[in-house]
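Chains as they are written, first to last, in the working numbering: chain A, 974 to 1599; chain E, 1176 to 1338.
Careful: at least some of the hints might be erroneous.
Looking from chain E toward chain A, a few residues come up when the C-beta cut is under 7 angstroms (computed) [what the hints assert, rightly or not]:
hint : residue
1    : G1236
2    : V1237
3    : S1242
4    : T1260
5    : V1264
6    : P1269
7    : N1312
8    : V1315
Chain E stretches covered by chain A per the calculated footprint, using a threshold of three residues with CB under 8 angstroms from any CB of chain A [to be verified]:
hint : stretch
9    : 1289-1303
10   : 1318-1329
Since the hints were made in silico from the structure, they are not lab data.
We put the CB at the ideal spot given by N, CA and C, even for glycine.
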Amino acid sequence: MTLDLKKIAESYRAKVEDRRVIVCAGTACVANGALKLIDALKAEIEKAGISVRVDVHEENKTKKDMYLSKSGCHGFCQQGPLVTILPEDIFYVRVKPEDAAEIVEKTLKNHQIIDRLLFIEPADGKHAKSHDDIVFYKRQKRVSLKESGYICPEDIEEYISEGGYEGAKKAITSMTPDEICKLMLDSGLRGRGGAGFPTGKKWQFTLVNKSDVKYVVCNADEGDPGAFMDRSVMEGNPHAVIEGMLIAAKAIEATNGYIYCRAEYPLAVKRVRKAIEDARSLGVLGKNVFGAGLSFDIEVMEGAGAFVCGEETALIHSIEGQRGMPTPKPPFPAKSGLFGKPTVINNVETLACVPLIMRNGAEWFKKLGSPTSAGTKTFALTGHVANTGLVEVPFGTTLREIIFNIGGGVTDDQGKPMPDGFKAVQIGGPSGACLTPEHLDVPIDFDTVKAYGAIVGSGGLVVMNKTTCMVAVARFFMQFTQSESCGKCVLCREGTKQMLAMLDDIMRGDADEETLVKLEELALAVSQGSLCGLGKTAPNPVLSTLKYFRHEYEAHVIKKKCPAGQCKALCAPEIDPAKCKGCTLCAKKCPVNAIEGAPGKIHKIDSEKCIKCGVCKETCKFGAVI
Amino acid sequence: MTGQTDAKLEQVCKIIEKHHSDGSKLIPILQEIQEVYRYLPEEVIDFTARKLKVPAAQVYGVATFYSHFALTPKGKYLVKVCNGTACHVKKSIPVLNAIVEKLKLSEGKMTTDDLLFTVETVSCLGACGLAPVLVINEDVHGMMTPTKAVAEIDKILAQEAAK
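Turn these sequences into a full structure, and let the hints guide you.
Next comes the structure, spelled out in structure tokens:
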């Protein structure tokens, strides 16, 4: 029997209330107290004599006055907890449980907007009433993130009411595997995990290899520090990933699926598991899906903390219960992958695009992006920028648009605007590069950034202001790749260690110009002598900073000075005796008790104990800490 | 004591049975065993290897390859300082240093003698909007400073002292 999705959608719409209060329950909003807020809202709503539904699945079918639901991540985490009120689309930020009573009284009962809970645009100080009034959202093109933030991620019926699983149904009941592969190829969809390989081609390669068992693996091992778009999709719209996997299963004639998710994302794991269960009980996963003969089911596997497992061959070994070490290709997973069977591995964001292409067509998707990179891409905008969060824009958008318009510009450490503060942006995580003000107007897509030694990668964008030391940034990434190197290739294992040691020397003032030459030589050797993407790209942060910020390296090795004032050995904070009034504030605030002094006496910093956290400098009202 | 050990071993047996003694499920099996003991004791690694009929070296290899597995007991409070890129540029290292200093730990010794605290760094919790982030067991604390972090530790110390 074919599942009637339209009927499910209709019955869902008939039973759900128009009046709706949506509280973001993504990882960051929960950290900020979203769950307490939901409890407070529920209590206040009931106290006001309004009937409220909190669980869409509750048996009682009679309509209530309103529906209080949870959503996934809006990608605006810094402003959380976030509350959206429908149908007006009123958007409240930084809402606390104490605000619940006022929201119920003013907004829910009397349709008044509470100004103090609205987002204030950093550029002009104006209050923004809804998502569409906020520049951060207005200038984005939210396609794959559209539903995250509105729909309840734990409700399969709501996903269906938004057109969900229609794409899978179409693919499974009325298309051949070849047609599906061709549609993906025509759409220009390329892998969002880093390499940008055409998805349709990957599927075709797997389809031609006949086997009784084939696998679709969703790579949700989002290891790049500073990237969290996959987490957001899994938390906010997990059924989109499952639908994408179903379509892939039909396209390559697969029988089994795996979602390999980082254990650092417990909420995403929970939501995906729930979504799989619901999909199973509805019959969109399991035997004879949509009555068309396809049998496909999905298992979730949690990673155990190894960055290298994002590499596809390493990921396969990890699912097989081994150490996650990459192996040479060929054989490609398309031929011999998981348990030696043909396997297709796609990233979360890629899979989430698949149902949309199925629904809206290849042309629609193609038109969204740049000539060589179709569609939109979600970037995780973080660091020294006013609006941190997830930014989905068409490929071909410039960094200037993302950082200055959508992101609201560069800030200092305390989040205050720093108009001329832009120094660099790190794109693509530990495999990426640092780009500079001169790259701000480059349209970003898979191919354009390559010319500058960068990659789009998973889409991490870390903005850095002028107080950031670029040598320290390079060292940070080097330390990351060094500790995550699996140890298989000598140049990756030992080379990254030596590169790290050289960077340490530079930061300690123990290096000379010769070190820079050696560092560059070794960087090239590591990238050429490593098997997998981790080693091949590990030197990128060093190479790009050497290229664009060589003067900073030179200042460290020649003048023995850190221009940003960050390298401890090259500049320790001191108290200017002429300015110190002996107020004792810095000594009180110092978290490690490194400051000695009595009231009225000139204070002194013990450089041995000092951790250079900068608290004394921030605290001093007289500018005596230098 | 022996009773407790037996009860735990019984749990291990149940975990292995649940996964049908399937060697390819080694990682989920070890993850569940670690939940029982809070780390992977050597004798349990040997026991698991025998049960799964795989060499102990393979189990040990997996247990040492992945950073989530611990071969020494961890503290009651697992303090994770996120040092992902976003947290790092927003000065997560001073936060870490302040906690390490407060608990009198050092590199190579990140668990307190009373097994109350273990301090670790993690490389991104995906909560970059709240950078720098500190996670104590399950609780996420955002927008940390060295002072705020030390205050969180003090809070736990006070709670424990009151017990």
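Hint-by-hint comparison with the structure:
1. G1236: E:G1236 check passes; min Cβ-Cβ to chain A is 5 angstroms, inside 7 angstroms.
2. V1237: At about 6 angstroms, which falls below the 7 angstroms cut-off, the nearest Cβ of chain A leaves the hint on E:V1237 intact, so it holds.
3. S1242: holds, 4 angstroms
4. T1260: This interface hint holds because 4 angstroms falls under the 7 angstroms limit.
5. V1264: holds, 5 angstroms
6. P1269: holds, 3 angstroms
7. N1312: violated, 12 angstroms
8. V1315: holds, 3 angstroms
9. 1289-1303: holds (count 7)
10. 1318-1329: Holds, because 5 residues of the stretch 1318-1329 of chain E bring their Cβ atoms closer than 8 angstroms to Cβ atoms of chain A.
Checked against the numbered hints above, the structure breaks only hint 7 and satisfies the rest.
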